[in-house]
Amino acid sequence: MTALVIKAIKVPRMTRVSWYKHRTLVLGIPGMFLFAAALLVSASLLPRHWISAQHFTYCQTYSGNDTSSRCLTENSLPTLGIFGEFVTYWRTEGAVLAVFSLAAVAGLFGGVPWVAREFEGGGFRFTWTQSVSPRRWLLGTFGLLTLLAAVAAAICGVAAHWWFQVTQFPLGGGTNPWGWESIETTPLSMASWTLLAMAFALLLGVTIRRVLPAMIAFAVTFGGCVLAAQTWLPEFLFRVGESSVRITDSANQTYPDMSYIAQTWYARPGGPKLNTMAVVEQLRGYSLAQEDHWLAQRHLSEWIAYQPHSHLVWLVLARNGILVAVAAVAVLASVWWLRRHPAE
Amino acid sequence: MNVIETDGLGKRYRQTWALRDCRLFIPAGQVTALVGPNGAGKTTLLRILAGLATPTAGTATVLGYAAGSQQARDAVSAVDQAVPLYRYLRVRDLLAAARALNDRWDADLAVQRLSSLKLPMSAKVGKLSGGQQAQLALTVALARRPRLLLLDEPLASLDPLARQEVLGWLMTCVAEDGLSVVFSSHVITELERVATYLVVLSQGQVQVAATVDSLLDSHLALTGPAADAGGLAGQVPVITAQQAGRQAQVLARTDAAPPGWAARPVTMEELVLGYLREPSARVLPRLAVAQ
Amino acid sequence: MVTVKPDNVDDGVSPIAFYLDRGLGVPTYLQFVHQVDYALRLGFLGVGDQLPRIKDVTRSLAVNPDTVMKAYRELELRGIAAGRPGVGTFITRAPDVVGLKQLATLQKKLSTWLAEAAEAGVDELGIKALFTAALRDFSDGGGAGSRLPGRAAARREGGAA
Numbered sequence: 006m007t008a009l010v011i012k013a014i015k016v017p018r019m020t021r022v023s024w025y026k027h028r029t030l031v032l033g034i035p036g037m038f039l040f041a042a043a044l045l046v047s048a049s050l051l052p053r054h055w056i057s058a059q060h061f062t063y064c065q066t067y068s069g070n071d072t073s074s075r076c077l078t079e080n081s082l083p084t085l086g087i088f089g090e091f092v093t094y095w096r097t098e099g100a101v102l103a104v105f106s107l108a109a110v111a112g113l114f115g116g117v118p119w120v121a122r123e124f125e126g127g128g129f130r131f132t133w134t135q136s137v138s139p140r141r142w143l144l145g146t147f148g149l150l151t152l153l154a155a156v157a158a159a160i161c162g163v164a165a166h167w168w169f170q171v172t173q174f175p176l177g178g179g180t181n182p183w184g185w186e187s188i189e190t191t192p193l194s195m196a197s198w199t200l201l202a203m204a205f206a207l208l209l210g211v212t213i214r215r216v217l218p219a220m221i222a223f224a225v226t227f228g229g230c231v232l233a234a235q236t237w238l239p240e241f242l243f244r245v246g247e248s249s250v251r252i253t254d255s256a257n258q259t260y261p262d263m264s265y266i267a268q269t270w271y272a273r274p275g276g277p278k279l280n281t282m283a284v285v286e287q288l289r290g291y292s293l294a295q296e297d298h299w300l301a302q303r304h305l306s307e308w309i310a311y312q313p314h315s316h317l318v319w320l321v322l323a324r325n326g327i328l329v330a331v332a333a334v335a336v337l338a339s340v341w342w343l344r345r346h347p348a349e
Numbered sequence: 026m027n028v029i030e031t032d033g034l035g036k037r038y039r040q041t042w043a044l045r046d047c048r049l050f051i052p053a054g055q056v057t058a059l060v061g062p063n064g065a066g067k068t069t070l071l072r073i074l075a076g077l078a079t080p081t082a083g084t085a086t087v088l089g090y091a092a093g094s095q096q097a098r099d100a101v102s103a104v105d106q107a108v109p110l111y112r113y114l115r116v117r118d119l120l121a122a123a124r125a126l127n128d129r130w131d132a133d134l135a136v137q138r139l140s141s142l143k144l145p146m147s148a149k150v151g152k153l154s155g156g157q158q159a160q161l162a163l164t165v166a167l168a169r170r171p172r173l174l175l176l177d178e179p180l181a182s183l184d185p186l187a188r189q190e191v192l193g194w195l196m197t198c199v200a201e202d203g204l205s206v207v208f209s210s211h212v213i214t215e216l217e218r219v220a221t222y223l224v225v226l227s228q229g230q231v232q233v234a235a236t237v238d239s240l241l242d243s244h245l246a247l248t249g250p251a252a253d254a255g256g257l258a259g260q261v262p263v264i265t266a267q268q269a270g271r272q273a274q275v276l277a278r279t280d281a282a283p284p285g286w287a288a289r290p291v292t293m294e295e296l297v298l299g300y301l302r303e304p305s306a307r308v309l310p311r312l313a314v315a316q
Numbered sequence: 627m628v629t630v631k632p633d634n635v636d637d638g639v640s641p642i643a644f645y646l647d648r649g650l651g652v653p654t655y656l657q658f659v660h661q662v663d664y665a666l667r668l669g670f671l672g673v674g675d676q677l678p679r680i681k682d683v684t685r686s687l688a689v690n691p692d693t694v695m696k697a698y699r700e701l702e703l704r705g706i707a708a709g710r711p712g713v714g715t716f717i718t719r720a721p722d723v724v725g726l727k728q729l730a731t732l733q734k735k736l737s738t739w740l741a742e743a744a745e746a747g748v749d750e751l752g753i754k755a756l757f758t759a760a761l762r763d764f765s766d767g768g769g770a771g772s773r774l775p776g777r778a779a780a781r782r783e784g785g786a787a
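Here the protein sequences come in this chain order: G, L and D.
At position 209 of the first sequence the residue is numbered 214 (the working numbering), and the sequence of numbers has no breaks.
At position 272 of the second sequence the residue is numbered 297 (the working numbering), and the sequence of numbers has no breaks.
At position 41 of the third sequence the residue is numbered 667 (the working numbering), and the sequence of numbers has no breaks.
In short, the hints are calculated from the structure, not lab data.
Small disclaimer: the values here were computed from a predicted structure and weren't measured.
Incorrect hints may appear among the rest.
Here are some chain L residues pointing at chain D (derived, C-beta under 10 Å) [what the hints assert, rightly or not]:
id, residue
1, 189
2, 195
3, 201
4, 241
5, 284
6, 290
Which residues of chain L face chain D? A few of them, derived with a C-beta cut under 7 Å, are [unchecked claim]:
id, residue
7, 192
8, 197
9, 221
10, 254
Cβ coordinates follow ideal geometry from the N, Cα and C atoms, glycine included.
This is chain G alone, in the form it adopts within the complex (with noise of 0.2 Å):
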């Protein structure tokens, strides 16, 4: 019981430690997320007072030539003049990017020097002939850091959902809900990276105990995992309980609105599937009608596997599952590795 109640006091101290030591980090990274999320936020704030002053809307589906409806679409992006280039430029890739690359900022530029620099300059060796052991000081304090940039990254996530709903309005439907983009502009993605980028930090610092050379390794393992992510990760997740279904004609679509779309294949009844390159090259020139007659006499139809837009919320909080599953790995490996070698 004493032991827990020397425990509890223990973390203020530590948060004390962390004050002094780390002012500069602690109010930084942190800070850097929520800057972000107002810049964000004021971003989004006159597009969507002008869009409600114009009542328009945000409609689900649009038809194409309509320039008399209130919906918002593509085709009416010139009648909005200069406020359409504005809303458009909004939309770049760029932009989701830099957010993105927050979390990998936190663990570059404040993760690794934390640790590394503890090391590099000697001042574990006074920190470790303390009371408080190494396992719980490290934990205590950078613990405390990745606690607050997680948070931090979580509201920037929410303030930059809000502001890419803006940027979908002209597409009165928005992206690619599985494309990147939407995926990690969401608090829990947003906080999951920082988690990872911070606990690579604790591991490569605690291995690698130089700051340079931390640095760069950082850059490369964490760059190896959104790599990972964002390639082959989503091809062998995104599949996981996937449905397939044989499209009787090329006019009608028989699979559900924003399905995810993994593979299309030609096959006969029973039959394997084909080279779908080899029969994609058959058809060039082939208009939607002799398309259908050429297959039918072949007896082929096109298949595909897809993933409805309902799995969408389950595969996004696996894929941050696994991403807080490595981040766990990973500190106690640092964990680990700093009993075994804790001060030398």
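Put chains L and D on the given structure of chain G with help from the hints.
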């Protein structure tokens, strides 16, 4: 009770053994001098005892606790060779951080000592001189009210007056609080005054580990004809023998002069130098006696 | 003009303060014992005076407290001082002072011997060596115990010769 006990302690870095098969039993209340050539393993031993390094082989216990454990960390203060401090903090923030990091903290002692040393509270630690940083590190170490203090040549950066004052302060802590001290030193002349226990390390192994009193009682400096010096080794254990013309000066582990030789008590300086010159000579502790 | 600064370390508890002669090669505790002895002979210390406190000596000279305790133990064995727990160590008995007349006779005999030695051609260093050797032999007493007064107790304790 023994304040430090090591059994078969060894530490390997890559291919070389910095410390090998160390066996020490240092009683409480002693001021132990750790002497040896550079690279003998003094820093490694002190780091293991402080919990800054983990042994590759064997065990080390301080005050009955395993070295590096939480209880050991609470009761042991160490100032490493590099005089580690948070260099980018101000002095008063460093003290505040130290207070937060420690269960036991004598804030009055720290403040009083620093003001008597005229160390400004608002100065940045990194901007202080080497000697001032050493004083600060020592103050922090002693404000934790430890039962054992480990020092790795931190007095080297102090000017002679400061050194004298710090040693005096340490000796008073020993007298008043029963503090045990282990310090590594190259200054052999002050060993006799300050130390009550001597440990000599050579090539990573313990060469001498005994109380200063027992060493001085059991050794003699013999003077006699150089011709007889060779034969002397058969009569008494000879540590070193130096020839000066027709006379030989011999350091021997005996309490009576053999016939034909004049004996006088040996000084700590001579004893330590003698053993340093002859790395194969040993004075080792017997098996631990239950206290 | 040199000003004599009082050493305020010990608040004037003891009439004397110890000093160290590092080059001597004599163990520190013995130096303290000798200094007390000389102080007594010269009149700086008298019966009932307190000797310097251990913590004052350790602070000013940076010596191990054990060394000071050894010195005081030696003085107790010689019957010169006694410790009062919690208070300090005090002089209990001045060393036997040889009578002035006896001293004068001894000094005259010494002067005669010195003249003889000088006539034989022995220089100052030779005289010192002769005297030191003779004193040591006399003090050792061939293993049967010192014939010098005040050394009997020290011999029993097995202290350094």
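Status of the hints after comparison with the structure:
1. Look at residue 189(L): its Cβ gets to within about 6 Å of chain D, closer than 10 Å, so that hint holds up.
2. Residue-level restraint check for residue 195(L) holds (minimum Cβ-Cβ distance to chain D is 8 Å; threshold 10 Å).
3. Below 10 Å, beta-carbon pairs count as interface contacts, and residue 201(L) has one with chain D at about 6 Å; its hint therefore holds.
4. The closest approach between the C-beta of residue 241(L) and any C-beta of chain D is roughly 7 Å, which is under the 10 Å cut-off, so the hint is satisfied.
5. The beta carbon of residue 284(L) is not positioned within 10 Å of any beta carbon in chain D (closest approach about 13 Å), and the interface hint is therefore violated.
6. Because the smallest distance between the Cβ of residue 290(L) and any Cβ of chain D comes to about 5 Å, under 10 Å, the interface hint for this residue holds.
7. About 4 Å separates the beta-carbon of residue 192(L) from the nearest beta-carbon of chain D, less than 7 Å, and the hint is met.
8. For residue 197(L), the suggested interface contact is upheld, since its CB lies about 5 Å from the closest CB of chain D, less than 7 Å.
9. Proximity of residue 221(L) to chain D holds as hinted, the smallest CB-CB distance being about 5 Å (cut-off 7 Å).
10. Below 7 Å, beta-carbon pairs count as interface contacts, and residue 254(L) has none with chain D, the closest being about 22 Å; its hint is therefore violated.
Consistency note: the structure conflicts with the earlier hints numbered 5 and 10.
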